[in-house]
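J.: As a plain string of letters, each chain reads:
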Amino acid sequence: MSKTLFDKVWDSHVVRNIENGPDVFFIDRHFIHEVTSPVAFLGLKSRGNTVLYPERTFATADHNTPTINQHLPVEDPLSANQLKALEENAAAWGISHWGLGHQKNGIVHVVGPENGITLPGATIVCGDSHTSTHGAFGAIAFGIGTSEVEMVLSTQCIMQPKPKKMRINVNGELGFGVTPKDVALYIISKLSTSGATGYFVEYAGDVFRNMTMEGRMTVCNLSIEMGARGGMIAPDQKTFDYIKGRPLAPKEEAWDTAMEYWQTLKTDEDAVFDKELTFNGADIEPMITYGTNPGMGIGITNNIPNAETIEGGIATYKKSLGYMDFNEGDAMIGKTVDYVFLGSCTNGRIEDFRAFASIIKGKKKAENITAWLVPGSHEVEGLIKEEGLLEIITDAGFTLREPGCSACLAMNADKIPAGKLAVSTSNRNFEGRQGPGSRTLLASPLVAAATAVTGVVTDPRTLLEEITN
Amino acid sequence: MAYDKFNIVTSTAVPLPIENVDTDQIIPARFLKATERKGFGDNLFRDWRYNDDDTPKEDFVLNNPTYSGKILVGGKNFGSGSSREHAAWAVYDHGFRCVVSSFFADIFRGNCLNIGVLPVQVSPEFLEKIFNAIETNPDTEIEVNLPQQTITIKASGASESFDINSYKKENMLNGYDDIDYLTKMKSEIQEFATTRPF
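Heads up: the protein sequence lines correspond to chains A and V, in order. Numbering that gives the first Met the number 0 numbers the first residue of the first sequence as 0 and each following residue consecutively. Numbering that gives the first Met the number 0 numbers the first residue of the second sequence as 0 and each following residue consecutively.
Treat the hints with caution; some may be incorrect.
Simulated restraints on C-beta separations [what the hints assert, rightly or not]:
1. A417(A) - G94(V): 27 to 37 angstroms
2. Q147(V) - Y260(A): 30 to 40 angstroms
3. P55(V) - A330(A): 32 to 42 angstroms
4. S122(V) - E465(A): 46 to 56 angstroms
5. K4(V) - E87(A): 44 to 54 angstroms
6. K56(V) - E87(A): 35 to 45 angstroms
7. E142(V) - A90(A): 43 to 53 angstroms
Derived lysine-lysine pairs resembling DSS-like cross-links, with alpha carbons at most 30 angstroms apart [as the list claims (entries may be wrong)]:
8. K44(A) - K32(V)
9. K414(A) - K37(V)
10. K414(A) - K167(V)
11. K274(A) - K167(V)
12. K56(V) - K161(A)
Here are some of the chain V residues that sit facing chain A, going by a computed Cβ distance under 8 angstroms [as the list claims (entries may be wrong)]:
13. I17
14. K32
15. D46
16. G80
17. T193
18. F197
Derived by calculation from the structure, the hints in this document are not laboratory data. The model shown is predicted, which means the values in this text are computed figures rather than measured ones. C-beta atoms are modelled at their ideal positions from N, C-alpha and C, and glycine is treated no differently.
The task is simple: from the sequences and hints, build the whole structure.
T.: Pasting the structure below:
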């Protein structure tokens with residue numbers, strides 16, 4: 000029978016199928032971090048269980064780490080305690096641990112691919128919804144709760160009903176200044192934050208084929224924001240080239256065996272999806288959100304829609320605009336911004352810093368802007384220095400922070416103050432997400448850069464044209 | 000962690016007629032710093048429930064003594080966003096055993112089922128009926144009957160059935176969880192693991 004890419008990977012990981020119940024689903028790779036794992040280890044201990052395959056779990060500290068002075072003791076005692084718990088649990092069970100200060104430390108969804116832990120055809124979970132990132136390699140990757148973290152630690156399995164399948168095609172070419180982030184925000188704006196709930200998405204079409212691996216990671220990362228458990232892209236030569244030679248990637252004979260398998264990882268021609276959607280890449284503009292969920296996005300040159308044109312509850316819509324202190328019909332371009340955040344598992348990779356630098360080069364940070372530039376990992380930080388981007392950043396009046404999740408979820412000290420407006424390359428614009436009372440506009444690194452130098456929401460194409468001319 | 004068995008819950012309900020309630024609202028990230036599972040109920044809906052100086056916001060439903068009960072009724076797409084199980088813990092620890100909505104986000108639904116909170120998905124029309132019934136009379140009792148898989152507004156007798164797979168239903172009725180099931184089949188899993196290439 001014809002199978003989709005998703006079927007092929009899913010079905011090969013089912014240990015047992017329970018009638019009218021979930022599948023017992025085997026997990027190849029498990030990432031843990033300091034926030035969602037401590038209670039799982041407590042549960043493991045209280046039941047008298049052990050970690051079944053410590054070599055399949057990888058620990059990194061990221062959610063709750065400071066992004067300045069990482070060489071000093073962590074000031075917040077609660078945060079320090081979580082980091083200590085992660086370190087102790089990893090040591091007790093023989094799990095590899097890239098803690099604060101470790102040269103491989105960084106955001107879990109950045110360091111996994113960087114180190115060749117993320118592989119096509121693998122199943123990958125983590126107590127973090129943006130685990131969907133790893134789907135860019137043709138893996139089935141998704142976020143789980145802490146009870147499931149405990150399941151994976153003690154049995155390497157979770158119990159999951161198989162999701163339905165959706166394919167999203169984006170064909171044609173992307174316009175000038177349009178990035179993978181814009182493609183994702185565009186799709187989410189069409190589907191809403193619940194449009195793909197219950198589904199696992201495969202992204203197909205020229206736009207994704209032509210995208211770099213980092214671009215694909217950005218798109219798959221945001222799958223959860225349309226409600227999908229995850230999203231994936233069939234591996235191709237770009238995928239294999241990216242993985243080859245990475246520290247933990249298969250080597251020599253193991254590489255050849257893996258390649259043989261990986262080349263089978265594509266959807267059969269006549270395979271059927273439960274839902275299929277097709278968009279045209281040429282219709283996508285640089286995007287920006289204006290509300291309090293990632294589905295509330297528009298092309299940056301558009302105005303905020305009127306409540307009557309919106310699907311869903313008008314009361315909820317008005318509450319959202321009220322929180323943002325915006326009005327229906329407002330233009331986004333020209334709104335005065337207070338903060339710019341470049342970073343996160345969505346847009347904290349080297350290509351994102353290159354994009355940001357391409358705009359700010361030779362310009363100055365606007366005076367009204369506080370900017371936080373946070374690399375996704377020490378490896379990204381190293382590349383920023385190696386490629387001369389740090390100089391561009393510094394010359395333009397910006398500073399570079401140390402790696403971590405930072406203001407994406409504002410668990411550490413990087414909180415946008417109440418009432419302040421931020422353009423953020425992260426993934427969520429929920430009320431208070433970036434700090435109590437903070438207001439977030441999600442956008443690409445190009446939009447963030449253009450805004451950082453002008454002080455107001457700016458269409459990056461206007462600045463890019465100056466550069467290219 | 001063991002939870003109380005779920006059979007039939009009959010209770011008044013707390014209405015929250017807002018759509019897309021995300022888990023950052025249910026429990027903001029800055030309250031996820033504990034290394035033990037306790038105290039999360041106090042921070043349920045923290046920023047909707049309290050002012051910056053920790054005084055209660057009087058207009059928020061959890062601060063309104065008119066509404067109480069073991070059932071939380073939310074708008075469409077309840078529990079979207081972050082996978083934090085702390086959101087489900089906060090709901091449970093506050094005293095809710097059941098969340099009713101016309102649509103749930105996947106991870107939140109799964110987390111609830113794993114810790115003994117029953118997510119009951121009803122039609123948008125029935126959800127409206129529940130909101131209306133509570134608005135008319137906050138003492139309205141709702142019966143959630145897991146064995147029968149029905150939800151009933153006691154005063155009017157209006158009722159609807161809901162879905163739950165038989166495996167999870169059995170778990171909820173008996174207070175079991177997935178780890179109990181998985182640990183019993185460890186040798187089967189270990190055998191399977193030998194077939195994995197990486």
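J.: Measuring from the C-beta of K32(V) to each C-beta in chain A, is the shortest one below 8 angstroms?
T.: OK, holds: K32(V) within 8 angstroms of chain A, min 4 angstroms.
J.: Holds or violated: K274(A) with K167(V), Cα cutoff 30 angstroms?
T.: holds (27 angstroms)
J.: Less than 8 angstroms between beta-carbons is the criterion; does G80(V) satisfy it with respect to chain A?
T.: holds (6 angstroms)
J.: Look at the Cβ atoms of P55(V) and A330(A) and judge whether their distance stays inside 32 to 42 angstroms.
T.: With Cβ atoms ~38 angstroms apart, the hint holds.
J.: Given the proposed pairing of K56(V) with K161(A), does the C-alpha separation stay at or below 30 angstroms?
T.: violated (42 angstroms)
J.: Are S122(V) and E465(A) spaced within 46 to 56 angstroms by their CB atoms?
T.: Cβ of S122(V) to Cβ of E465(A): about 55 angstroms, so the range 46 to 56 angstroms holds.
J.: Mind checking the CB of D46(V) against every CB in chain A and telling me if the closest is under 8 angstroms?
T.: It holds, given that the least Cβ distance between D46(V) and chain A is near 5 angstroms, below 8 angstroms.
J.: At a threshold of 8 angstroms, is the proposed contact between T193(V) and chain A supported by beta-carbon distances?
T.: Violated. Min distance 11 angstroms.
J.: Assuming the hint says 27 to 37 angstroms, is it satisfied by the Cβ distance from A417(A) to G94(V) or not?
T.: At 30 angstroms between Cβs, range holds.
J.: Does K32(V) sit within 30 angstroms of K44(A), going by the straight-line distance between their CA atoms?
T.: holds (20 angstroms)
J.: Does 44 to 54 angstroms hold as the CB distance between K4(V) and E87(A), or does it fail?
T.: Once the Cβ atoms are compared, 34 angstroms apart, the range 44 to 54 angstroms for E87(A) and K4(V) is violated.
J.: Hint check: is the beta carbon of F197(V) less than 8 angstroms from a beta carbon of chain A?
T.: With Cβ-Cβ at 6 angstroms, under 8 angstroms, it holds.
Hints 2, 5, 10, 12, 17 from the list above are not met by this structure, while the remaining hints are.
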